[in-house]
Amino acid sequence: MHLIQSTVGRKILMAVTGLLLVGFVTIHLLGNLSVFAGPDGINAYAVKLHSLGALVWVFRAAILALFVVHITFGVMLSMENSTATPSNYAIKSRMKTTFSSESMLYTGLILLAFLIYHLLHFTVQITNPEISAGTLPLDAAMRPDVFSMMVLSFQKVFISLVYIVGMIALFLHLSHGLSSFVQTFGLNNGPSLEKVTLGGKLVAVGFLLAYVAIPVLILARFVNI
Amino acid sequence: MDLTLHVWRQSGPKDKGKLETYPAKGISPDMSFLEMLDEVNEELIKTGKSPIVFDHDCREGICGMCSQTINGKAHGGQDRTTVCQLHMRSFKDGDEIFIEPWRARAFPVIKDLIVDRTALDTIMQAGGYTSCHTGGVPDGNAHPIGKPVADYAMDAAECIGCGACVAGCPNSSAMLFTSAKVAQLAVLPQGKHEAMARVMNMTDTMQAAGFGNCTNHLECEASCPKGVSVKFIAKLNREYMKALVS
Chain A
1 MHLIQSTVGR KILMAVTGLL LVGFVTIHLL GNLSVFAGPD GINAYAVKLH
51 SLGALVWVFR AAILALFVVH ITFGVMLSME NSTATPSNYA IKSRMKTTFS
101 SESMLYTGLI LLAFLIYHLL HFTVQITNPE ISAGTLPLDA AMRPDVFSMM
151 VLSFQKVFIS LVYIVGMIAL FLHLSHGLSS FVQTFGLNNG PSLEKVTLGG
201 KLVAVGFLLA YVAIPVLILA RFVNI
Chain B
1 MDLTLHVWRQ SGPKDKGKLE TYPAKGISPD MSFLEMLDEV NEELIKTGKS
51 PIVFDHDCRE GICGMCSQTI NGKAHGGQDR TTVCQLHMRS FKDGDEIFIE
101 PWRARAFPVI KDLIVDRTAL DTIMQAGGYT SCHTGGVPDG NAHPIGKPVA
151 DYAMDAAECI GCGACVAGCP NSSAMLFTSA KVAQLAVLPQ GKHEAMARVM
201 NMTDTMQAAG FGNCTNHLEC EASCPKGVSV KFIAKLNREY MKALVS
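Residue numbers (the working numbering), protein chains in the order written: chain A, 1 to 225; chain B, 1 to 246.
If we strip away everything but chain B, and leave its shape as in the complex, we get:
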C-alpha cells in the first residue's frame, strides 16, 4: 500500500506546530498503525530528517499510551481499538491520513504526537483510590460481592486512561475518565465509605486541571477504545447528588 500522511510536527510545548506531509510507501496491510509509523520513521532517519515522535508501550491495546487522532477520530475511530491494534488493512491504497495529537488545554503537546497527560494522574490522586490498612493478603471471599456488582465494577475498571474521551469530547471534558473510577469504587465495599468525598474531589480536580464541562455529547463513549459506557457518568451524577444532599 502507498499512503500519504499528514502528520502534526511540533518541536516542543512552545512551538506553534504544523502539519507536514510524508509518503508511506510499500506498507503491508498486516502492519499495525504504529508499525507503519516505524517504517516511515526509518525512511525519515535515512534521509536525515527527525523521526515522528509518538507515544506507545505495550502494543497490545491495554496500556493506554498510544494517543493519536487519526482522520479526526481518537485512535482512528474503529470500535474498541487503540492505535496499536488498528491495522493498515482498515485503510485503502492511496489514502490520505491525517495524524494529530490529542488536543485539549489540559494536555499540552510535549513533542509531535506526544501530549502530557499528567492532568489525568492529578484527577486520580484526588480520589481514585481506597484508603485501607494493608497487611497480609485478605481472604478471597472476605468481602462477598455479587456477580452483577463485580461485573459493573470491572466494566468501569476497563478504562486504560489513554485520554481518548478528552480528545473526542467537543468540550475537552474528562468526565468519562473520572466517572469510570468514581463508579467502579462507589459500588464496591472497599470504596463506598469514601464515595462522597471522592466524587466531589475528583470532579473539582478535573475542573481545576483545565478540562471542560460535560454536556452529554456522548462522543467520549464512541471514542473510548475500551467501550466505557456513559452510564458511568450517569452514576457519577447520582453520586454527586447523593453527596450534595447529605
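Just chain A, same shape as in the assembly:
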C-alpha cells in the first residue's frame, strides 16, 4: 500500500512500468523493422504473432496495465508537483534540467494521443480502411498484407508526419526517462550519473532513428510495393 501512496514508491512504479514499456517499444521496433525484409518479413511476422492466440491477449492486457499505471501516476505526480509550486518566479533560469525533463507530462500525453491514433490506424484499421490489411487482397503466400498496408500508409505525407511527431515525442520522453530510471533505482554513485545521462540520450536517439527510418524510407520510395 505504501508503494502506491508514497512519493518514492510512486516514483519507483513510474520507473519500473517505464522500463517495461521501453522493453515493449524495443520488441515492437524489432518486429517493425522486418518491413525492410519485404512482405516475407513483416507479413510472416504478423502471421506468427497472431498464431500465438490467447497469448497475444495476455500480452496486450499486460501492456495496457503498464500504460494505465504509468499514465495514472504520471498525471497524479505532475498535478501534485504543480500544486507544490503555486507561484512562478518572475525570472527563472534553469541550471541543469533539460527541455525533455521539463516536458515529460506533455511528451507523455502526445505519446498517448499518438498511441490511440496508431491503434485506430493499424490495429482497429478504421482511420484508413481502404489501405488496411483487412481490405487489401492477401499477399502471394495468402497472408494478410501488412507490408502493403504500411507502405501505402506511409506514402501519405500526413500519416508519416503523425508518426514522425510521435517518435520525436518518444525520443524526448526517453531522453529523460532512461537515465531517470537508473537514478530512481539508486544505481548512481555520483560520477556515473553523467555517463548514464549521456547513455540514456544516445539510446533515445537510437530509438528515434530506427523508428523514423520506417516512414522516412517509405516516403522516400526506398521501400516500395
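To be clear, the hints were calculated from the coordinates, so they are not data collected in a lab. Take these hints with a grain of salt, some might be off.
Said to hold, decoys possible - Pairs of lysine-lysine, DSSO-like flavour, derived with a Cα cap of 30 Å:
1) Lys46/B x Lys111/B
2) Lys111/B x Lys147/B
3) Lys92/A x Lys92/B
4) Lys25/B x Lys46/B
5) Lys111/B x Lys92/A
6) Lys14/B x Lys92/A
7) Lys195/A x Lys242/B
8) Lys111/B x Lys49/B
9) Lys111/B x Lys25/B
10) Lys147/B x Lys92/A
11) Lys49/B x Lys92/A
12) Lys201/A x Lys14/B
13) Lys242/B x Lys92/A
14) Lys96/A x Lys46/B
15) Lys14/B x Lys49/B
16) Lys46/B x Lys195/A
17) Lys147/B x Lys195/A
18) Lys49/B x Lys96/A
19) Lys111/B x Lys92/B
Unchecked claim - A short, non-exhaustive set of chain A residues, derived as facing chain B with CB atoms under 7 Å:
20) Val8
21) Asn81
22) Ala84
23) Ser93
24) Lys96
25) Ser100
26) Ser101
27) Gly186
28) Gly190
Glycine is no exception: its CB is placed at the ideal position from the N, C-alpha and C atoms.
Based on the hints, put chain B in the right spot on chain A.
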C-alpha cells in the same frame, strides 16, 4: 557600481506581493550581496521607506539562513556559494538584478524575502536523528568507521538546510535535503538500526508538508551552495526499496 534592483516586496503571508524597483548606487565590487542590500536599506530608511526584509545570520556561508533567488537562481547560482558569500564583483556595472524569495507552497512568505522554513524542521523531526542513550562522552574509537564511509557521511552532512534545493526544483521537492540526512545516518553504525523507519517517515513527512515529488531534474544539486550530490537521492531510493521489501 550602479545597479538596478527588482526586489519582491510582500508585507505579510496574506499580501499578494509585487516586484519593486530600487537603484543601488555607488556599490563596491568587494561588498557581499547582503552588504549591498544593507546599503540599499540605509538609503530606504533615510527616505522614510520600509527597508527590504531578508534573512541572514553568520554571513560566513555556513548557517543556511540567507535565502534569495537572484536572477532566477537560488543563491545567485554561483557554484557552492550562499548569498552572503556572493560578491558584487560577479555583477557588472549597470546590471539589473531580480531578487525574489524561495517560492514553494511549503515555504510561505513571512515578509519580503523571508520565508517560513519550518517544514524542513518537520522533516527532521520525523527521523533526522539517532535514538541513543546519552551519558559520558564515548571513546573516540568506540565505533570504528572506515574513512570512505566517514567521508561519505560528512559529504551528506554538509547540507546546511537553507532550502535552495526546494527553491531550484521545478517541483518544489525537498528530496535532496531529506536524502542528505537519510544517507548520512544510514551508513553510520549509530543510524543504521533506525534506517528503515527513518526513510519511510522522513519521505512521508516531506510529502505531507506540501513539498513536491522528485522527478530527477537534478536542479537541486546545481542549486545547492554546499554541492550536496544527487547520489544521496539514489541512496535514499535504495534505502526505501530495502525498507519496502523487509
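Hint check results:
1. For the hint linking Lys46/B to Lys111/B, the alpha-carbon distance of about 21 Å falls within 30 Å, and the restraint holds.
2. Proposed proximity of Lys111/B and Lys147/B is contradicted: the alpha carbons are some 44 Å apart, above 30 Å.
3. Among the hinted pairs, Lys92/A with Lys92/B is consistent with the structure: their alpha-carbon atoms are about 20 Å apart, no more than 30 Å.
4. Straight-line distance between C-alpha atoms of Lys25/B and Lys46/B comes to about 14 Å, which keeps the hinted pair within the 30 Å bound.
5. A threshold of 30 Å between alpha carbons decides the hint, and for Lys111/B with Lys92/A the separation of about 21 Å falls inside it, so the pair holds.
6. Simply put, Lys14/B and Lys92/A have alpha-carbon atoms about 23 Å apart, close enough for the 30 Å limit, and the pair holds.
7. Between the alpha carbons of Lys195/A and Lys242/B the distance comes to roughly 26 Å, so the proposed pair stays at or under 30 Å and holds.
8. Taken as a hint, the Lys111/B and Lys49/B pair is honoured in the structure, with Cα atoms around 15 Å apart against an allowance of 30 Å.
9. Pair hint Lys111/B plus Lys25/B holds up; C-alpha atoms about 24 Å apart against a cutoff of 30 Å.
10. Restraint check: the Cα-Cα separation between Lys147/B and Lys92/A comes to about 40 Å, which exceeds 30 Å; the hinted pair is violated.
11. For the given pair, Lys49/B sits about 28 Å from Lys92/A by alpha-carbon distance, which is consistent with the 30 Å threshold.
12. At most 30 Å may separate the alpha-carbon atoms for a hinted pair to count; Lys201/A and Lys14/B exceed this at roughly 44 Å.
13. A distance of roughly 37 Å separates the Cα atoms of Lys242/B and Lys92/A; the hinted pair therefore is violated under the 30 Å criterion.
14. Using a Cα cut-off of 30 Å, the hinted pair Lys96/A and Lys46/B is violated, with the two alpha carbons roughly 42 Å apart.
15. At roughly 21 Å between alpha-carbon atoms, Lys14/B and Lys49/B fall within 30 Å of each other, so this suggested pair holds.
16. Distance check on the hinted pair: Lys46/B and Lys195/A sit about 55 Å apart at the alpha-carbon level, beyond 30 Å; violated.
17. Taken as a hint, the Lys147/B and Lys195/A pair is honoured in the structure, with Cα atoms around 26 Å apart against an allowance of 30 Å.
18. Between Lys49/B and Lys96/A the CA atoms are separated by roughly 38 Å; this puts the pair beyond 30 Å, and the hint is violated.
19. Taking the CA atoms of Lys111/B and Lys92/B, the gap is about 28 Å. The hint holds against a cut of 30 Å.
20. Taking 7 Å as the C-beta contact cut-off toward chain B, the hint placing Val8/A at the interface holds, the least distance being around 4 Å.
21. Given the 7 Å rule on beta carbons, the hint for Asn81/A holds: about 4 Å separates it from the nearest Cβ of chain B.
22. Checking Ala84/A against chain B: minimum C-beta separation of about 3 Å stays under 7 Å; hint holds.
23. A distance limit of 7 Å between C-beta atoms decides the matter here; for Ser93/A the minimum to chain B is near 4 Å, and the interface restraint holds.
24. Residue-level restraint check for Lys96/A holds (minimum Cβ-Cβ distance to chain B is 4 Å; threshold 7 Å).
25. Nearest Cβ of chain B to the Cβ of Ser100/A: about 11 Å, over the 7 Å cut. The hint is violated.
26. Checking Ser101/A against chain B: minimum C-beta separation of about 5 Å stays under 7 Å; hint holds.
27. This hint holds: Gly186/A has a C-beta 3 Å from the nearest C-beta of chain B, less than the 7 Å allowed.
28. With a cut of 7 Å, the hint placing Gly190/A at the interface with chain B holds, because the nearest CB-to-CB distance is about 4 Å.
Violated hints for the displayed structure, listed by number in ascending order: 2, 10, 12, 13, 14, 16, 18, 25.
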